[in-house]
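Novice: So you can see what is in the structure, the chains are spelled out below.
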Amino acid sequence: MPTIAPLLNSDEKQKSALEAFDWPHIAHLVLASRAMDTIEEQELVPQKLVFNQFSARGHDLAQVLLGSLVNHRHDGATGYYRSRPFVLALGLDFVDALAGPLARSGGYSDGRDIGVVCNYPNMRNGESHGATLFPMCGGVGSQYSPISGWAQSVVYHRDELNDQSYDGALGLSMGGDSSMSTSGFWAALNISTTNDLPHLFYIEDNGYGISVPQEVQTPGGDQVANLAAYKQLHIIDGDGTDPLEAATKIKAAVDYVRSGKGTCLLRLRVPRLCGHTFQDTQTYKPAEMIESELAQDPLPKLKQFMLANGLVSETHWAQIEERADAKVRHAVDEAMHRPQPDPATITRYVYSENDAAGQPIVQTRGGLATCDHQFPASDEEPKPEGRRLNMLAAIRQTLDVEMQSNPKVLVFGEDVGPKGGVHGATLGLHEKYGQQRVFDTSLSEEGIIGRSVGMALSGLMPVPEIQFRKYAEPAAEQLTDTGIMRWRTANKFAAPMVVRVPGGFARRGDPWHSMSDEVEWAHKVGWQLVMPSNAEDAVGLMRAALRSNNPTIFFEHRALIDNSWARRPYPGDDFIVPFGKAKILRQGDKITVVTWGAMVERCELAAEKIDPEGATIEIIDLRSIQPWDKDAILTSVRKTSRCLIVHEDNKTAGFGAEISATLSDECFFDLDAPIRRLTMPDIPSPHNIHLLEAAVPGVDDIAAAMTDLLEV
Amino acid sequence: MSIENLSLAAEQLEGTQATLSLWLFKEGDSIKEGEPVVELETDKVAIEIVAPCDGVLQKIMMQSGDKVEPEAIMATIDTSLAQSKEVSTILSSAGNESVPATMQHLSADNSAEASNDQSCRHLMGPAVRKLVAEHNLDIQQMQGSGRGGRITREDVLTCIASGRAVKTELSHSGSATLSTAAAMGDLASRRIPHSSMRRAIGKHMVESLMEKAPHVTSVFEMDMSNIIEHRKWHKQEFADKGVKLTFTAYFLAACVKAMEAVPDMNAQFHEDALEIFQSINIGVGTALGDKGLVVPVVKNVQAMELFDIAQALHGQTMRARDSKLTPFDMKGGTFTISNHGVSGSLMAAPIIINQPQVAILGVGKMEKRVEVVEIDGKDEMRIRPKCYVSLSIDHRAVDAFQTNAWLSVFVETIEKWGGIEV
Numbered sequence: 001m002p003t004i005a006p007l008l009n010s011d012e013k014q015k016s017a018l019e020a021f022d023w024p025h026i027a028h029l030v031l032a033s034r035a036m037d038t039i040e041e042q043e044l045v046p047q048k049l050v051f052n053q054f055s056a057r058g059h060d061l062a063q064v065l066l067g068s069l070v071n072h073r074h075d076g077a078t079g080y081y082r083s084r085p086f087v088l089a090l091g092l093d094f095v096d097a098l099a100g101p102l103a104r105s106g107g108y109s110d111g112r113d114i115g116v117v118c119n120y121p122n123m124r125n126g127e128s129h130g131a132t133l134f135p136m137c138g139g140v141g142s143q144y145s146p147i148s149g150w151a152q153s154v155v156y157h158r159d160e161l162n163d164q165s166y167d168g169a170l171g172l173s174m175g176g177d178s179s180m181s182t183s184g185f186w187a188a189l190n191i192s193t194t195n196d197l198p199h200l201f202y203i204e205d206n207g208y209g210i211s212v213p214q215e216v217q218t219p220g221g222d223q224v225a226n227l228a229a230y231k232q233l234h235i236i237d238g239d240g241t242d243p244l245e246a247a248t249k250i251k252a253a254v255d256y257v258r259s260g261k262g263t264c265l266l267r268l269r270v271p272r273l274c275g276h277t278f279q280d281t282q283t284y285k286p287a288e289m290i291e292s293e294l295a296q297d298p299l300p301k302l303k304q305f306m307l308a309n310g311l312v313s314e315t316h317w318a319q320i321e322e323r324a325d326a327k328v329r330h331a332v333d334e335a336m337h338r339p340q341p342d343p344a345t346i347t348r349y350v351y352s353e354n355d356a357a358g359q360p361i362v363q364t365r366g367g368l369a370t371c372d373h374q375f376p377a378s379d380e381e382p383k384p385e386g387r388r389l390n391m392l393a394a395i396r397q398t399l400d401v402e403m404q405s406n407p408k409v410l411v412f413g414e415d416v417g418p419k420g421g422v423h424g425a426t427l428g429l430h431e432k433y434g435q436q437r438v439f440d441t442s443l444s445e446e447g448i449i450g451r452s453v454g455m456a457l458s459g460l461m462p463v464p465e466i467q468f469r470k471y472a473e474p475a476a477e478q479l480t481d482t483g484i485m486r487w488r489t490a491n492k493f494a495a496p497m498v499v500r501v502p503g504g505f506a507r508r509g510d511p512w513h514s515m516s517d518e519v520e521w522a523h524k525v526g527w528q529l530v531m532p533s534n535a536e537d538a539v540g541l542m543r544a545a546l547r548s549n550n551p552t553i554f555f556e557h558r559a560l561i562d563n564s565w566a567r568r569p570y571p572g573d574d575f576i577v578p579f580g581k582a583k584i585l586r587q588g589d590k591i592t593v594v595t596w597g598a599m600v601e602r603c604e605l606a607a608e609k610i611d612p613e614g615a616t617i618e619i620i621d622l623r624s625i626q627p628w629d630k631d632a633i634l635t636s637v638r639k640t641s642r643c644l645i646v647h648e649d650n651k652t653a654g655f656g657a658e659i660s661a662t663l664s665d666e667c668f669f670d671l672d673a674p675i676r677r678l679t680m681p682d683i684p685s686p687h688n689i690h691l692l693e694a695a696v697p698g699v700d701d702i703a704a705a706m707t708d709l710l711e712v
Numbered sequence: 001m002s003i004e005n006l007s008l009a010a011e012q013l014e015g016t017q018a019t020l021s022l023w024l025f026k027e028g029d030s031i032k033e034g035e036p037v038v039e040l041e042t043d044k045v046a047i048e049i050v051a052p053c054d055g056v057l058q059k060i061m062m063q064s065g066d067k068v069e070p071e072a073i074m075a076t077i078d079t080s081l082a083q084s085k086e087v088s089t090i091l092s093s094a095g096n097e098s099v100p101a102t103m104q105h106l107s108a109d110n111s112a113e114a115s116n117d118q119s120c121r122h123l124m125g126p127a128v129r130k131l132v133a134e135h136n137l138d139i140q141q142m143q144g145s146g147r148g149g150r151i152t153r154e155d156v157l158t159c160i161a162s163g164r165a166v167k168t169e170l171s172h173s174g175s176a177t178l179s180t181a182a183a184m185g186d187l188a189s190r191r192i193p194h195s196s197m198r199r200a201i202g203k204h205m206v207e208s209l210m211e212k213a214p215h216v217t218s219v220f221e222m223d224m225s226n227i228i229e230h231r232k233w234h235k236q237e238f239a240d241k242g243v244k245l246t247f248t249a250y251f252l253a254a255c256v257k258a259m260e261a262v263p264d265m266n267a268q269f270h271e272d273a274l275e276i277f278q279s280i281n282i283g284v285g286t287a288l289g290d291k292g293l294v295v296p297v298v299k300n301v302q303a304m305e306l307f308d309i310a311q312a313l314h315g316q317t318m319r320a321r322d323s324k325l326t327p328f329d330m331k332g333g334t335f336t337i338s339n340h341g342v343s344g345s346l347m348a349a350p351i352i353i354n355q356p357q358v359a360i361l362g363v364g365k366m367e368k369r370v371e372v373v374e375i376d377g378k379d380e381m382r383i384r385p386k387c388y389v390s391l392s393i394d395h396r397a398v399d400a401f402q403t404n405a406w407l408s409v410f411v412e413t414i415e416k417w418g419g420i421e422v
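So the protein sequences, as listed, match chains A and B. Note that the numbering used here has the first sequence beginning at 1, numbered continuously upward. Note that the numbering used here has the second sequence beginning at 1, numbered continuously upward.
Next up, chain A with everything else stripped away, as it sits in the complex (with noise of 0.2 Å):
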């Protein structure tokens, strides 16, 4: 083992880590995450307690000197599935931290999510205590541009809304050396570095990614010598086993952030004592190499380094030691009393909830709700005055009056600042609110919707757009995990937003530009999903969206946001229409026709065809399709015992399926035809009109539909 020289010069920058850290709480705490380790290892994996276990071991000592440093109240960190050491410095408590992999009632998740993934408020009566952890993501390389949005948002609160309590705030993201090939990781270097945001980007680099090594990953196998040349990225580079090198580039990188120069990229090798986890035995690495990592083990050389520095004595380690694995056999006692989580309850927090008095049981981090923010007045009546708009600029308006009265609206995406969007849904919101509330993004959806998180879960408001439906797919993966947040944290994070998406055809259809293929989101758990038909919907549900405390899509079909059918005048700066409620246009007693988006059109030009007296088709736009309105439609066929629907989406599995499947279970006794559904075929859109034409259902098409119906 070496020995560590005691401190002989005075080398400032040394002396200043060496007194930045409370050293005997480093060492309990790097002592207690081993000891969580070994007992885990030895007891709790072999009982069958605990799965997908993941030791820290090697890792530890530079993520507790890290986490020890990360204390603003305004600072928010995203860690992975071997960051615990890192988040008991933040301050968690060591039953929580046990309890977690337990999957018990209580601790991270309610025994819902593994127990790596951990999450961490930090919140005391009401107010930040420290930073926070945002709740992991088992997917490697989503947890970087929820960073830098955090990052944007301190910025944001410290310039545009003057809270000067975020001066000094930043924001971190900590990885190993293989998650930097992963698409996020490099979204956000180009977001936090253009803009030269607060970002702190930890790598922990132990030379390998499970069983890939880095030469695999990137050429020369060193990734982070492969950005010496990014501008505006400050690179620190070091040992994270030597307790003096680690503590002093450590401290480094958080200054800089601090400070408010920009981004810095921090990496520290440290080895991996253990397997990936707890099941590898790690044979595609050689004895020798096994040897030598086990020789760079932190904990002995930080003992060594304490001795040697006066900071502890033996009889001192002692005790710590000691009282590290009692208070962690001590946590794990509790841990395992702690009850097991109730199955009746699995269903509960998938979106909001209020309690039993109408009030909402707001989230402990996230979104407006939090910041108890008080909206305008509003109401579902609409007060159309004045010429017809266009669907678009009515949703520019409702944007437009949502950002004066709350500062926390931000609107964001490819082309939408100077140039005003490629369809004009933004212009003129770029010069009216500036820069830092209404800008361009990078060519990055999967960053795009990443910083969404990371503002919304600051208390801000992101209204990001995906430029076309189609390109929400890079994307997937942070809409996804922005949408089982809430359940997989048992209600403590929340991050509402509103994605604008186009879709749908348009003059022409194509399968990049045209896609609708809503029901996606139908299917993915906690969002909400709407799909206005005209421009007085359009506003009510933007509205809606605005101050809803749970993420939406908000639908904008390219075909109606300038045709003729679906102006409407403006309804009212305070109109809104709330989700889950369709609309019945038509009152008819033989037929129900559901429809929504650019079908609602025809399906009125064709009941007018066949049914000019209006007595025998009731048309209902259900214009809300996560939460739809059941009770609407069940009462309709109820009445009319036949129903149509008709949606521009493919046919198998579309939203059609899902209400037919419905209405089968719900009023099978009060049918008298099949439940039939009028769709596209099972093709993406077709370019060629005639094509097009064919493809999507036409008036004529929906009135031989309905007619066939009524004939049964």
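Treat the hints as calculated values from the structure; they're not laboratory data. Worth double-checking, as some hints may not be accurate.
[Claimed, not checked] Here are the simulated DSBU-like pairs of lysine-lysine, each with C-alpha atoms no more than 30 Å apart in a straight line:
#1 A:639 to A:651
#2 A:583 to B:386
#3 A:524 to A:581
#4 B:32 to A:383
#5 B:67 to A:419
#6 A:609 to A:524
#7 B:416 to B:386
#8 B:257 to B:232
#9 B:324 to B:241
#10 A:470 to A:630
#11 B:416 to B:257
#12 B:203 to B:244
#13 A:630 to B:130
#14 B:244 to B:386
#15 B:244 to B:167
#16 B:331 to B:212
#17 B:365 to B:257
#18 B:212 to A:609
#19 B:386 to A:432
#20 A:581 to A:639
#21 B:130 to A:639
#22 B:67 to B:26
#23 A:609 to B:26
#24 A:639 to B:365
#25 A:383 to A:581
[Said to hold, decoys possible] Calculated from the model, a selection of chain A residues having no Cβ within reach of chain B, i.e. all distances over 10 Å:
#26 233
#27 350
#28 562
#29 627
#30 681
These numbers come from a predicted model, not from an experiment. Virtual Cβ for every residue (Gly too), placed ideally from N, Cα, C.
Guided by the hints, dock chain B onto chain A, whose structure is given.
Specialist: Coordinates of chain B only, in the frame set by chain A:
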């Protein structure tokens, strides 16, 4: 004459430049204030310009494709002319406007167009079934206005509203029932709703006896001594193999012999022919106490030895008792035995309950009776265990000749069991 201008206001322009796209009215058309008159295209979106006032579109100054500057006059409107005639508007280009010749408006009275196609009359939707059951309606009396003669929910609702098509009692019982009911009106009583088995039995009996087969019953008597003896000797042996040996097993075996002699009895009556079956599948009427009667069938008795018959019967009886009989157990019978004597009756004239069988055998109660036999020319009295057996037949299919021939063989088989003379 006062003139107003139609132009694009500067603040209405969305985008940087507008082009005239489509006039929604022609020169000379009446227009109303606030109504869209012309569509413009910008580099971003389409926008509409509405009429600033009521009037007549006087002169159009710009055509489709012309660039439209803000404030430039696109047309003039004459506000002094009143408008009285209807104008037609052009529908949006989203849908196909022409009405195909084949499409009709829905006619108010569908029955006027009803065809003779009744192919879908049997298709009843859940709503129809529910209403029919709830209101006790007779579908036979309804007209179907749906496609292929299907009875729709509306058809049923119409019937309910008009009080038609309600199911009534069977007409044979008719007035007699009514007057009896009236006469009995003031007696204290209780009503026991019919079980589905009761209903089924009632239906079968009426159909068989009154609607289908003219029944005739012939009665013989049989001496049970030999089978009593045989059973005494073989009962234990069968029990050791887990099978209960009953008299019914012997009866089934004897039926086979009788069928071999008179195959006509194992048949089905058709309008033009008597269909005689090769398999002899015999159903044994089994009482389930108050709950009624079931007739599980032993199939292919002709291929069975006594043991097999006894075993099959034993199985059926156990299953019947445990209510585990399946529809398969009840199907495929060609002949039926009714052991009415088990519950005490000496003699009975059973009804063929399992149409379309042509005969049913009733077996009475076994009793020791005194009979007279001639021994060496002298009349002697003997006490013998005896049993009346009665065969009821469908006289359309067979006559007294076959009936008595059958019974003779049956009785002989029983009386001579084991080859011993009675």
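Novice: Confirm or reject each hint.
Specialist: Taking the hints in turn, this is what the structure says about them:
1. A:639 to A:651: Judged against 30 Å, a Cα distance of about 26 Å means the pair holds.
2. A:583 to B:386: Not satisfied, since the Cα-Cα distance of roughly 84 Å exceeds 30 Å.
3. A:524 to A:581: 20 Å, holds
4. B:32 to A:383: Judged against 30 Å, a Cα distance of about 21 Å means the pair holds.
5. B:67 to A:419: The hint holds at about 22 Å.
6. A:609 to A:524: 38 Å, violated
7. B:416 to B:386: Holds, at about 14 Å.
8. B:257 to B:232: Since the Cα atoms of residue 257 of chain B and residue 232 of chain B sit roughly 22 Å apart, the hinted pair holds (cutoff 30 Å).
9. B:324 to B:241: Holds: residue 324 of chain B and residue 241 of chain B sit about 22 Å apart, inside 30 Å.
10. A:470 to A:630: 28 Å, holds
11. B:416 to B:257: Distance ~12 Å between residue 416 of chain B and residue 257 of chain B Cα, so the pair holds.
12. B:203 to B:244: 34 Å, violated
13. A:630 to B:130: 23 Å, holds
14. B:244 to B:386: 22 Å, holds
15. B:244 to B:167: 48 Å, violated
16. B:331 to B:212: 20 Å, holds
17. B:365 to B:257: Cα-Cα ~22 Å, so holds.
18. B:212 to A:609: 57 Å, violated
19. B:386 to A:432: This hinted pair is violated, its Cα atoms lying about 115 Å apart.
20. A:581 to A:639: Holds. Residue 581 of chain A to residue 639 of chain A sits at ~19 Å (cutoff 30 Å).
21. B:130 to A:639: Cα-Cα ~15 Å, so holds.
22. B:67 to B:26: 19 Å, holds
23. A:609 to B:26: Since the Cα atoms of residue 609 of chain A and residue 26 of chain B sit roughly 25 Å apart, the hinted pair holds (cutoff 30 Å).
24. A:639 to B:365: Since the Cα atoms of residue 639 of chain A and residue 365 of chain B sit roughly 63 Å apart, the hinted pair is violated (cutoff 30 Å).
25. A:383 to A:581: 18 Å, holds
26. 233: 38 Å, holds
27. 350: Nearest chain B Cβ is 32 Å from residue 350 of chain A, so the label holds.
28. 562: Check fails; 4 Å does not lie beyond 10 Å.
29. 627: The claim stands: residue 627 of chain A keeps its Cβ more than 10 Å from every Cβ of chain B (closest is about 27 Å).
30. 681: The claim holds: residue 681 of chain A sits with its nearest Cβ about 18 Å from chain B, beyond 10 Å.
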